[in-house]
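4 protein chains.
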Amino acid sequence: MKEKIKVGIIGSAGYTGGETLRLLLNHPYVEVAFVQSRSQAGKPVTSTHTDLLGETDLLYSADFNPAVDVLFLCMSHGESKKLLDEHIFPAATRIIDLGNDFRLNNKTGDREFVYGLPEYQREKITAAKNVANPGCFATTIQLGLLPLAKAGILKEVHTTGITGSTGAGQKLQDTTHFTWRANNISAYKTLTHQHLGEIYQTLKALQPGFSEAVHFVPWRGDFTRGIFVTSLVTTALSLEAIIKLYEDYYAPHPFTHVIRETIDLKQVVNTNKCLINLEKVGDKLAIHSITDNLLKGASGQAVQNMNLMFGLEETEGLRLKGTAF
Amino acid sequence: MKEKIKVGIIGSAGYTGGETLRLLLNHPYVEVAFVQSRSQAGKPVTSTHTDLLGETDLLYSADFNPAVDVLFLCMSHGESKKLLDEHIFPAATRIIDLGNDFRLNNKTGDREFVYGLPEYQREKITAAKNVANPGCFATTIQLGLLPLAKAGILKEVHTTGITGSTGAGQKLQDTTHFTWRANNISAYKTLTHQHLGEIYQTLKALQPGFSEAVHFVPWRGDFTRGIFVTSLVTTALSLEAIIKLYEDYYAPHPFTHVIRETIDLKQVVNTNKCLINLEKVGDKLAIHSITDNLLKGASGQAVQNMNLMFGLEETEGLRLKGTAF
Amino acid sequence: MKEKIKVGIIGSAGYTGGETLRLLLNHPYVEVAFVQSRSQAGKPVTSTHTDLLGETDLLYSADFNPAVDVLFLCMSHGESKKLLDEHIFPAATRIIDLGNDFRLNNKTGDREFVYGLPEYQREKITAAKNVANPGCFATTIQLGLLPLAKAGILKEVHTTGITGSTGAGQKLQDTTHFTWRANNISAYKTLTHQHLGEIYQTLKALQPGFSEAVHFVPWRGDFTRGIFVTSLVTTALSLEAIIKLYEDYYAPHPFTHVIRETIDLKQVVNTNKCLINLEKVGDKLAIHSITDNLLKGASGQAVQNMNLMFGLEETEGLRLKGTAF
Amino acid sequence: MKEKIKVGIIGSAGYTGGETLRLLLNHPYVEVAFVQSRSQAGKPVTSTHTDLLGETDLLYSADFNPAVDVLFLCMSHGESKKLLDEHIFPAATRIIDLGNDFRLNNKTGDREFVYGLPEYQREKITAAKNVANPGCFATTIQLGLLPLAKAGILKEVHTTGITGSTGAGQKLQDTTHFTWRANNISAYKTLTHQHLGEIYQTLKALQPGFSEAVHFVPWRGDFTRGIFVTSLVTTALSLEAIIKLYEDYYAPHPFTHVIRETIDLKQVVNTNKCLINLEKVGDKLAIHSITDNLLKGASGQAVQNMNLMFGLEETEGLRLKGTAF
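Protein chains in written order, with this note's numbering: chain C, 17 to 341; chain L, 17 to 341; chain E, 17 to 341; chain W, 17 to 341.
Since the hints were derived computationally from the structure, they do not count as laboratory data. Hints may contain errors.
Said to hold, decoys possible - No farther apart than 27 Å at their CA atoms in a straight line, the calculated lysine-lysine pairs in the DSS-like style are these: (1) Lys205/L to Lys187/C; (2) Lys300/L to Lys171/W; (3) Lys171/C to Lys296/E; (4) Lys260/C to Lys205/E; (5) Lys205/W to Lys260/L; (6) Lys205/L to Lys171/W; (7) Lys205/C to Lys296/E; (8) Lys300/E to Lys296/C; (9) Lys300/W to Lys171/L; (10) Lys296/W to Lys205/L; (11) Lys187/L to Lys187/C; (12) Lys205/C to Lys171/E; (13) Lys171/W to Lys171/L; (14) Lys205/L to Lys59/C; (15) Lys220/W to Lys300/L; (16) Lys220/L to Lys300/W; (17) Lys20/W to Lys20/C; (18) Lys140/L to Lys220/L; (19) Lys59/E to Lys260/L; (20) Lys205/C to Lys300/E; (21) Lys300/W to Lys300/L.
Being a predicted model, the structure only gives us computed values, none of them experimental.
The whole structure should be built from the sequences, with the hints applied where relevant.
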């Protein structure tokens, strides 16, 4: 029997904190040492994550113990860096940051962060002390493009993506008011989404000299979980050749699958999977990719990264029963 | 050609204010004199009611002209009385209050309010100077019970009702967060809903000596518009006799219909209609009744009351194209 | 008082037939002479369009009277041509076909059809005897591109559009099963949608020599009504210049509006409107356009065309109260 | 290491068959020997349960091996009895029937079925060879009433329950058409639902002499998963006394919890839990109870029963990550 990994979660009251907790409570090799939340300190975690009623008696703590095996930072963007700069953490404490503080600028003090997209650089993650967990749209879009960039044949990309409301966080906002969002669709951050930076960073690393644009239009969807993305790229390769390229690329990766049938978002909801479907008309390739924004797009991938960093089976604690319907 | 009725709306930025405006903009015998909103003064009404973009250039006003033909008060509960007490309104200005200030205590100063449920007391409304517009649940539940009370045979009532999110208003709340409410059901104000008062008032007036309880459990639904109610009552009458009772009662009323087929909520969404379906098993009668909470349950009924008060056709401006799907 | 137009609807039991009927029942200058449906003959129209219960006693007829003023054909694709070929219609009977039989091949026998997109060719429609009503995606995409094509500056287009389930019709299908479609997103007919033909036809007519592609990816949305489209085009013009181009183009058109604020689908649901919002980053222009697929995308536009053909106000019977929420 | 239980599923292509399969694929002590489906024989199970793509290569079989350790029957009502009557199964093969064939008439041939509601009779299930798995509404309603019946104080019950669309099965029906069901509510089988029989059977067994009615009105909800039930009962006991009664009753049961805060449906979606909340006004007790109709209401409870029958931990394979949002 392996010794359990001692885990702390900081910023546990939000969606990604909650999802991380839900996963870790069921993870066979994890012991949750604390769940910290300034706003909820002293209350049971079930006071906010009410679906856990009857399953755990954990209380939110105000403080945290920096000397755990690994810390999951589930805070608003900008706060992770602040936390690391203002507190002293033992060098042995690994950090997995779910915010965007270290995806591009990957250092603070002595800590260097590895960008945590396993399908891109699993070996580096396995050896990493600190991981910057990718964004949800960034994950879904990149998984659709990695094989082309790896092959050096990626060109200009036109992408539309739609996301569930959980992507907008727990704070009450006009755009997450039920009356407004139900049965509604809208665009936001057209061509300027903040995940473009990490997408470009990966693509340029994989395909040196890549200088084309990724034109990305994000839409708000009238559902809570999931991201559906279609990217259009021009290529001379045959569809079969492209499918082979993708299948070869993803063969060693347990969560990302190239699917020959058309796909739909609910195939991945409440799972850590990414499904990819490819279609081609003329020289235009359409790449459809889907994830659950809170799992493969956030907490699930964070746990996947933890598994890699601690030498566990990559899928440990992540063979989830999907919602399916 | 009739002269147009000069109308003012106070508290126009909310849901019922907006629906009242939408109806009045299309009403052939109405001229909207002003739409007042403290919070939005000076802005176009389309800044909040964005679906009206391209249809009207009206601006919200900070002030209001008390000397219009009729004022619609679309404010939070308690504010109508305050407004009437603090300002002087010409005696000739009619008032239709969509809040609950005058449904039970029907007087302030010289003004006396008539409870504005046309299917209960159309003649009194026709002669009224001031109308207290009923609540949405109160309307839907009462329309299901009026014929029994009128016949003097109403007994103990067990009612469950489900309402759309617009019933909870425009303010951001935990229970109207999309992520929470989508695909969710919950109960609230179990057996203590504030509309019970006006329901009892009507029932006791129609059936003197009625002293039974109306046990009402309201549920929050995962949709935006509409109320579906089922009331259970014990009666010895045959189903056919009851249907006849209801059909006779509602024959003179253009918006309330007794339907022999099963009914579903979307039949009335975006209309001013109420549909009623009756079923009986043993001595238990089930009365299903449905309305759009913002129309027959609020703004539509307010306009219906205005039509009656001004001698117009009761359905004027209210023959709406329903959403249907 | 104008004489009423005698109207017949053929294929009335489906969604577009129903919406056409809902509009015409409230149209002040229309008399519905018959509503024909082979499958429902003899039954009340309320047996299928149950939201009309209490509003009309019309029965479906098996036969139709060809000698009305105008016939709306609301049938499956291919059936309109068959009907016209197999029956004799008086030359004076105008025809508005909501199917796709005459959008590209615009003749059958002596009848010549004008493509019924008023924002493209209102004068021709006004003079037309027969109109081929555009498709829903075709309408929404074209309204987003017409001003650029008119100006001769349209280039390659990348478009994603999402549609409500009513676009898939009334027939039970796996993709319209509630359990599957709720909270789901999927792509279909990627880059091969059947509306591309009519889109190219218009664009090439407006901008002679236009030979670029419109790459169109349609998505199925988890809502019932509406289409949201984003088209990406490259242009050197400034955003302000483009907005001016669009505003000038649509100034004379009562239903299509260029909006400076971000738009969302529900602004047009249950109306005949199209709203357009423009954004630009670098040389990439994003054109967002929205319609209700059953109204401006089908029955509403058909009635708009009828108004034009009969010399009525273009908006007659179409100043609808939107659902808004 | 325990030996794995050899399991077969018959009727695997439907919702409950699929959910049973999803659970068993992740169950540490189960080996799925076959998944049978007449309609899908020879195809991969992922052809219908497409969310399992990338997770299993199982094929549907036309035939089944009767000599497994346990068979899950996931067929339409009436078909289980037929199957058992027409085939010979070894006496050692345990059977768990998810249909309603043996809930009331609990015998066929030599096989006697135990009604599989663990919170009612866990010991009998533990010793059972064959289990009749309860219905979804029956489970949710009974869990709300068991402690009162056990205490012998249950009286007349008025219940309203709302169910997700998965309760209506996979077959295409008018009432599961997305266009109809989205944003809609309707009542069905008012006061005559087929689960009343098993509810009465349990209540009369627990509270001998119980002769009151359970008046149950089921509603169709516009969501896919879950059941929310409110039952109203008259009682003189104080709320605290009742809560104590319920807490004591459910203390030994890992999936059913009495909750002091208000509850909402999504707390249990995609879990095997039942949450109960109690409120009292005057002498009227409101009991709110919630389950996932496909899990605690079907496949989850079936696996829970299997665990009991095979001496496993009751929660084995059922500590599921809920959907939460």
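Hint check results:
no.: 1; hint: Lys205/L to Lys187/C; verdict: holds, 25 Å
no.: 2; hint: Lys300/L to Lys171/W; verdict: holds, 16 Å
no.: 3; hint: Lys171/C to Lys296/E; verdict: holds, 21 Å
no.: 4; hint: Lys260/C to Lys205/E; verdict: holds, 23 Å
no.: 5; hint: Lys205/W to Lys260/L; verdict: holds, 23 Å
no.: 6; hint: Lys205/L to Lys171/W; verdict: holds, 23 Å
no.: 7; hint: Lys205/C to Lys296/E; verdict: holds, 11 Å
no.: 8; hint: Lys300/E to Lys296/C; verdict: holds, 24 Å
no.: 9; hint: Lys300/W to Lys171/L; verdict: holds, 16 Å
no.: 10; hint: Lys296/W to Lys205/L; verdict: holds, 11 Å
no.: 11; hint: Lys187/L to Lys187/C; verdict: holds, 13 Å
no.: 12; hint: Lys205/C to Lys171/E; verdict: holds, 23 Å
no.: 13; hint: Lys171/W to Lys171/L; verdict: holds, 18 Å
no.: 14; hint: Lys205/L to Lys59/C; verdict: holds, 25 Å
no.: 15; hint: Lys220/W to Lys300/L; verdict: holds, 21 Å
no.: 16; hint: Lys220/L to Lys300/W; verdict: holds, 21 Å
no.: 17; hint: Lys20/W to Lys20/C; verdict: holds, 26 Å
no.: 18; hint: Lys140/L to Lys220/L; verdict: holds, 17 Å
no.: 19; hint: Lys59/E to Lys260/L; verdict: holds, 23 Å
no.: 20; hint: Lys205/C to Lys300/E; verdict: holds, 14 Å
no.: 21; hint: Lys300/W to Lys300/L; verdict: holds, 19 Å
When each numbered hint is compared with the structure, no violation occurs for any of them.
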